[in-house]
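Number of protein chains: 2
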Amino acid sequence: MDYKILNITNIISYIKNIKIIKDYFAEDSLHVNEIGDGNLNFVYIIKSEQNPQKALILKQAVPYLRCVGEEYPLSKERMTFEIRALLKYSELTPDLVPFIYDANEEMSTVVMQYLSKHIIMRKGMINGIVYPKFDEHISTFLAQNLFKTSSLFLDSTCKRQFVDSFNKNVELCKLSEDFVFSFAFMEHDTNGENARNNETAKKLFADMEFKKNVLKLKYKFMTQSDALLHGDLHTGSIMLNQNETFVIDPEFSFVGPFGFDIGALIGNLVMSYVSHLHVSKNEQYQKWILKLIEEILTKFEQKFLSLWAEVDESALHVKGFIDSKSLDEFKKEFMKNILRDSVGYAGCKMARRMFGMAGVEDIRAIEDKNKKNIAEAHVLEIAKKFVKNYEQVESVKDIREMII
Amino acid sequence: MDYKILNITNIISYIKNIKIIKDYFAEDSLHVNEIGDGNLNFVYIIKSEQNPQKALILKQAVPYLRCVGEEYPLSKERMTFEIRALLKYSELTPDLVPFIYDANEEMSTVVMQYLSKHIIMRKGMINGIVYPKFDEHISTFLAQNLFKTSSLFLDSTCKRQFVDSFNKNVELCKLSEDFVFSFAFMEHDTNGENARNNETAKKLFADMEFKKNVLKLKYKFMTQSDALLHGDLHTGSIMLNQNETFVIDPEFSFVGPFGFDIGALIGNLVMSYVSHLHVSKNEQYQKWILKLIEEILTKFEQKFLSLWAEVDESALHVKGFIDSKSLDEFKKEFMKNILRDSVGYAGCKMARRMFGMAGVEDIRAIEDKNKKNIAEAHVLEIAKKFVKNYEQVESVKDIREMII
Numbered sequence: 001m002d003y004k005i006l007n008i009t010n011i012i013s014y015i016k017n018i019k020i021i022k023d024y025f026a027e028d029s030l031h032v033n034e035i036g037d038g039n040l041n042f043v044y045i046i047k048s049e050q051n052p053q054k055a056l057i058l059k060q061a062v063p064y065l066r067c068v069g070e071e072y073p074l075s076k077e078r079m080t081f082e083i084r085a086l087l088k089y090s091e092l093t094p095d096l097v098p099f100i101y102d103a104n105e106e107m108s109t110v111v112m113q114y115l116s117k118h119i120i121m122r123k124g125m126i127n128g129i130v131y132p133k134f135d136e137h138i139s140t141f142l143a144q145n146l147f148k149t150s151s152l153f154l155d156s157t158c159k160r161q162f163v164d165s166f167n168k169n170v171e172l173c174k175l176s177e178d179f180v181f182s183f184a185f186m187e188h189d190t191n192g193e194n195a196r197n198n199e200t201a202k203k204l205f206a207d208m209e210f211k212k213n214v215l216k217l218k219y220k221f222m223t224q225s226d227a228l229l230h231g232d233l234h235t236g237s238i239m240l241n242q243n244e245t246f247v248i249d250p251e252f253s254f255v256g257p258f259g260f261d262i263g264a265l266i267g268n269l270v271m272s273y274v275s276h277l278h279v280s281k282n283e284q285y286q287k288w289i290l291k292l293i294e295e296i297l298t299k300f301e302q303k304f305l306s307l308w309a310e311v312d313e314s315a316l317h318v319k320g321f322i323d324s325k326s327l328d329e330f331k332k333e334f335m336k337n338i339l340r341d342s343v344g345y346a347g348c349k350m351a352r353r354m355f356g357m358a359g360v361e362d363i364r365a366i367e368d369k370n371k372k373n374i375a376e377a378h379v380l381e382i383a384k385k386f387v388k389n390y391e392q393v394e395s396v397k398d399i400r401e402m403i404i
Numbered sequence: 001m002d003y004k005i006l007n008i009t010n011i012i013s014y015i016k017n018i019k020i021i022k023d024y025f026a027e028d029s030l031h032v033n034e035i036g037d038g039n040l041n042f043v044y045i046i047k048s049e050q051n052p053q054k055a056l057i058l059k060q061a062v063p064y065l066r067c068v069g070e071e072y073p074l075s076k077e078r079m080t081f082e083i084r085a086l087l088k089y090s091e092l093t094p095d096l097v098p099f100i101y102d103a104n105e106e107m108s109t110v111v112m113q114y115l116s117k118h119i120i121m122r123k124g125m126i127n128g129i130v131y132p133k134f135d136e137h138i139s140t141f142l143a144q145n146l147f148k149t150s151s152l153f154l155d156s157t158c159k160r161q162f163v164d165s166f167n168k169n170v171e172l173c174k175l176s177e178d179f180v181f182s183f184a185f186m187e188h189d190t191n192g193e194n195a196r197n198n199e200t201a202k203k204l205f206a207d208m209e210f211k212k213n214v215l216k217l218k219y220k221f222m223t224q225s226d227a228l229l230h231g232d233l234h235t236g237s238i239m240l241n242q243n244e245t246f247v248i249d250p251e252f253s254f255v256g257p258f259g260f261d262i263g264a265l266i267g268n269l270v271m272s273y274v275s276h277l278h279v280s281k282n283e284q285y286q287k288w289i290l291k292l293i294e295e296i297l298t299k300f301e302q303k304f305l306s307l308w309a310e311v312d313e314s315a316l317h318v319k320g321f322i323d324s325k326s327l328d329e330f331k332k333e334f335m336k337n338i339l340r341d342s343v344g345y346a347g348c349k350m351a352r353r354m355f356g357m358a359g360v361e362d363i364r365a366i367e368d369k370n371k372k373n374i375a376e377a378h379v380l381e382i383a384k385k386f387v388k389n390y391e392q393v394e395s396v397k398d399i400r401e402m403i404i
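The listed protein sequences derive, respectively, from chains A and B.
My numbering numbers the first residue of the first sequence as 1 and each following residue consecutively.
My numbering numbers the first residue of the second sequence as 1 and each following residue consecutively.
Mixed in with the good hints there might be a few duds.
To be verified - Partial list, derived from the structure: chain A residues whose beta carbon lies under 8 Å from chain B:
hint, residue
1, Ala-26
2, Met-208
3, Met-222
What the hints assert, rightly or not - Under the rule of at most 25 Å between Cα atoms (straight-line distance), these lysine-lysine pairs were calculated in the DSS-like manner:
hint, chain 1, residue 1, chain 2, residue 2
4, B, Lys-388, A, Lys-331
5, B, Lys-325, A, Lys-388
6, A, Lys-216, A, Lys-202
7, B, Lys-168, B, Lys-202
8, A, Lys-148, B, Lys-220
Unchecked claim - Pair by pair, the computed Cβ-Cβ distance ranges are:
hint, chain 1, residue 1, chain 2, residue 2, range
9, A, Asp-328, B, Lys-371, 53 to 59 Å
10, A, Ala-309, B, Glu-209, 48 to 54 Å
11, A, Lys-325, B, Glu-394, 26 to 32 Å
None of these hints come from the bench; they were simulated from the model.
A virtual CB, placed ideally from N, CA and C, is assigned to each residue, including glycine.
Please build the complete structure, drawing on both the sequences and the hints.
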């Protein structure tokens, strides 16, 4: 099928040609609305008029950045990588991503389950909502998807073919390289308003120990092909409620370093913590976030290691190569390195949200300007600790000490 | 053009259709001979009968491993990666690879300069020949090709596209993973005769500290996309004389860790050193080899850093991001890590040649069985030091101490 841009008038005839969707809606009349909150893509909700509970989401990439317009061209093939990541997640962790009804690389579209009873995690956290199952869910998501797309699980050929299937996501990787690791830490015209004449920003931009380690982490981001990354796993890429968690929007996906997604998540949880510390002052909630960070990291490691224990042949490991004691020692060091990188990436992700182009609502939306400045400085203080000391982290406990 | 297997009878009509080759030989009558020393591929020499100085080499990959036969299928597309590597080398270091007259990915052929006045370096070294310009040549080859195919030089998109163009060399990467990092260090039926009932082999196979670090190096080989690697840069992949050096046979090429090619070369030089120590007992030559290793590593670092000094924008580095003192510190640590990995890979490459399927003539051809055993044990002693201590190497000087 040749690519064409969909809109609220031609979507219905498009989806009526897709059997699974036709079956889903049966003879219902349909109503299409655009949901205007995507930065990159067009997102539509298709609802049954007879039964508004019956609804699906259609997402289409256009050959430019939606939030800017046609003057910012961006290859629509980014959807290809979102589709491939979603299909891999559906295979490995079907309960943790929306159900995919249809995905079409030529049309750059995906049609998926409408999450009507779930909200974006960032909003939930700003409102102080506790999610008691989130640590279980997200640690499973991370362990399953990182482990089972790595050379610790796949054989050599499958791994290299898997890398190959994401290797062309060059534009979005470049965006991460620029915006997560570079522009937000220097004078740059893409930075936010608040970077100008700001003493805290100036101090950050002049912190060379911080920047040296950012270069190391950036280099690893560009060259280390550990496993499938979501590539943008902040709390805005998660929809959830008390019982269910769904990861969405993996358009930045590629095969990169293990620690990057974990770090993105932890960094965003820390920003929520700092926000509550200075704004809501809700101590219970702060405690819950700190505990949550620990639980996620601890459970991730347990689950990753228990998946690893089930495998005796992989690209890395030939059966009988090494005794189990030595293999355990190797694994222990391996996991420590993942933890270290996660802390480093968490720091980059936090710091880049302060003065870079894309802020986070938890901090940027603080109305009291004085409080906002204090929160920004506090986030940066933790972020710098993370980035400067990530290579010395020994255990999950160390991270709590760097935060509080 | 559809793929067909060439042979001495149809080669002439094949090359007569290629203008540059037709021009080269003009109206001369041609004579074709097969050179039977390739493991993987068929290699032919095409000579002018009127002027035997005029000659070209044609190399073609067939869909199996030449030295075993059709029962060992191996995708002929391996030639695609050899061609791509040769063309990149021709662009970056034209004096250090044979001149390429024609390269055809569909036909899996390459037609190149015949090196009539050069010999395989391994043979030369077994005969104790000193090559006074080799350190200059090979350090240039390594610095130019590693630096200019890395994220330190290319921009983000070019780098990812470059990785992509080698990413499908899966079969030959798998051969390296198996034979360089796994089978040669355990009981395996691909090992050489001499691995059976051999106390030294048993000790190696039981050395878990060695194997733990081999796993680390193997993991990095599989997942670290630093730069274009030759992939098999031993002294058998180099043809030279007193004045010229040519690197040949990059069919194992892919984008991998910086230290792998350097390590392969150093490891093979060390094996030559050990061979001379126990067999020829030529002290001058041993000294020359030790000096050569130092010179190669030192000059490589100087040349790599001076290329780096010319670049102020790359995938890694945005102009103005970091001050020059901090960037120098970053580079210093970066170079140290390349050196460390090189030592680690040198150790793997040496150790795998002792009992694995593919030996090196420097050691395996030692006629006196006692001397051969001593030489093998000595190579392994150094190899183990390299592998177990590579992460502690601080400078080039440390390596000499680990050898003598």
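message: Check the structure against each numbered hint from earlier and tell me which ones fail, lowest number first.
response: Of the numbered hints, 1, 7, 9, 10 do not hold.
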